[in-house]
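Using the hints provided, position chain B relative to the given structure of chain A.
Respectively, the protein sequence lines represent chains A and B.
Heads up: the first sequence begins at 1 in this note's numbering, then just goes up one per residue.
Heads up: the second sequence begins at 1 in this note's numbering, then just goes up one per residue.
Hints were generated in silico from the structure; no laboratory data involved.
Worth double-checking, as some hints may not be accurate.
Stated by the list, open to error - For each label pair, taking beta carbons as the anchor points, the in silico distance ranges come out as: (1) S356(A) <-> A86(B): 40 to 50 Å; (2) K152(A) <-> Q96(B): 30 to 40 Å; (3) T10(A) <-> G108(B): 37 to 47 Å; (4) H19(A) <-> D89(B): 27 to 37 Å; (5) P338(A) <-> D114(B): 12 to 22 Å; (6) V37(B) <-> S114(A): 51 to 61 Å; (7) A86(B) <-> R77(A): 31 to 41 Å; (8) S356(A) <-> Q96(B): 51 to 61 Å; (9) R77(A) <-> R39(B): 45 to 55 Å; (10) Q179(A) <-> D114(B): 26 to 36 Å; (11) T50(B) <-> S336(A): 44 to 54 Å; (12) E31(B) <-> Q179(A): 42 to 52 Å.
Keep in mind that this is a model prediction, so the values were computed, not measured.
In this text, a Cβ means the ideal position worked out from N, Cα and C, and glycines have one as well.
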Amino acid sequence: MTIIRITEHTEGVEDYLVHGAKKGRSQHRNELDLRVPIYGSLSVLEATNCYVHKNKDWKHNYWHITISPAWLHHDMRPYELRQMIIRTLECYFHLYTRERLAAYAEIHYPKQQSAIDPETQEVKQRLPHVHLVISKLDLWSNNQLRILPYKKSVAEAFQIWLNHQHPASNCMQYNVVAQQALQIVRNYQTWHRQCNMIDLDITPYCPHMLLHSPTWQPYVQPDAESEKIFKRLNSKLPGQSEQSISTHSNFDALQGFRQWLNDVAVWYAEYQTQALLNQRVSMSTILSAAVDKFGLMRNHYQVVIHTNTHEEMAIDTRTNKTYIAVYFAYDILHMSMPETIKWLKQLDPAFDQALSEKAVIDGMKADEDDMQIRLS
Amino acid sequence: MKRTQKETAQPPAISMSRPKCKVVSFRLTEEQHALLVARCNNSHGESLMTPSEYARYTVLHQRIAQPSDVPLERYRLAIAAQLATAVTDTVQYLDQVVPVSHEKHVHGFQHVCDELAKIQKSILLLLSNTDKLNR
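One chain only, chain A, in its complex shape (with noise of 0.2 Å):
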């Protein structure tokens, strides 16, 4: 079962998503997950928070959502998470297009696959988990958002339903499920609309006001000196050192989206490599690495031949799930495709030469091949 959890804050969210610090822990975040920025812009959400905390007196600012689907679901795409995200924002600020929210979200996906239970002191299993984090302010109106207000029963009608979109809950029966709990939502939205009449025909600029504003003019018509300025801020981007252009200027939706593609490019021209790679790494040995550096359980997992191709293989106990080398690396333990080749590489020695020989031998065998085309 996915489970979403609501909860509102004052300050202090950028630093958590970036650095981690939470109570009790001492890990920084980038010890801890991969961050997959998924929707939205942080650097967005910064300077709304920034906006509210200078000319607002609220008692909470933001709304911080956590979404965690079941570890059956672990291995989704950020696609499939980004359309829970616009399915959760659509659901519980329903009065509103979504371009009026100031939102953001990320995925976490644990590097560190167990964590001390501070309650029960057990080892569990860390999940991936969604943070989407929402301003209170309406960016149109400049009044604060109206969230659905909380209603046990609705909230769960929303978890089933939105469990049951994923294409593995997507049986018949659970449509059935499904479909009333869609109701539930619909019912309490319906209600919560007739309370509350939000005005939908309001602008969220002024174009003509705008346009015509002096403090605007050195967008639409620059001077030399405000020429001057934008180039150096422009200079500056991204990566900037600029102090008064916002910290988080790589956080958004099209730089994960640029780390998945950069992945797949990889996976692309390094091919060959990570095809000797899980024909070399052994599994158990992969595994015993994992419980070292990254805390895995190793409990769920065991190790099987595939009985054609002859590889080695892991078996996610609980799924049935099963993984070779590579697609270990990067679906169990969220290493990037760069991050999977290099740290297997390391589990084997004799690697490096192992692929020139290959290369000298597929040379050989590529000059066989010609010889015979030329010779028929």
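Showing chain B alone in chain A's frame:
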């Protein structure tokens, strides 16, 4: 007459440290209520403060509240958020609908990403502290 930031009273700071447990209510005609709401809005119908805040400030400070706004800053935020949502939706479309079944698709995607990065740059520019520009 155009109002400047200095001339207008800032929106009243409503202290959240102590709970407001006393209620004062008064009745208004339809017209009076419409006037009260209008006083809380700017010329574009955007609400700058609630009628309760307006009444509270005016009564407690013994002077009429002048709802003010920092429109440019909020407009910039609104535009930036709108662009960020559009970029997210584009990424979702690319991620969900378009398959990467060949290496050449990766290069195509990278090109699209480069174009989207230009929009991201504009977002950051909107968010940057351009007080120097607003001389």
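Here is how each hint holds up against the structure:
1. For S356(A) and A86(B), the Cβ-Cβ distance of about 48 Å falls inside the hinted range of 40 to 50 Å, so the restraint holds.
2. Between K152(A) and Q96(B), the C-beta spacing of about 32 Å keeps the proposed range 30 to 40 Å intact.
3. At about 44 Å, the CB distance of T10(A) to G108(B) agrees with the hint of 37 to 47 Å.
4. For the hinted restraint 27 to 37 Å between H19(A) and D89(B), the CB-CB distance of approximately 30 Å keeps it satisfied.
5. Roughly 20 Å separates the CB atoms of P338(A) and D114(B), a value that falls within the hinted 12 to 22 Å.
6. Checked against the hint of 51 to 61 Å, the C-beta distance between V37(B) and S114(A) comes to roughly 56 Å, which is consistent with it.
7. Hint check: A86(B) to R77(A), Cβ distance near 21 Å, so the stated range 31 to 41 Å is violated.
8. One distance hint, 51 to 61 Å for the beta-carbon pair S356(A) and Q96(B), is violated here, with the actual separation near 40 Å.
9. The supplied range of 45 to 55 Å is met by R77(A) and R39(B), whose beta-carbon atoms lie about 51 Å from each other.
10. Separation of Q179(A) from D114(B) is about 43 Å and departs from the stated range, judged on CB atoms against 26 to 36 Å.
11. The hinted window of 44 to 54 Å between T50(B) and S336(A) holds, with their beta carbons roughly 49 Å apart.
12. Distance hint check: the CB atoms of E31(B) and Q179(A) are about 48 Å apart, consistent with the given range 42 to 52 Å.
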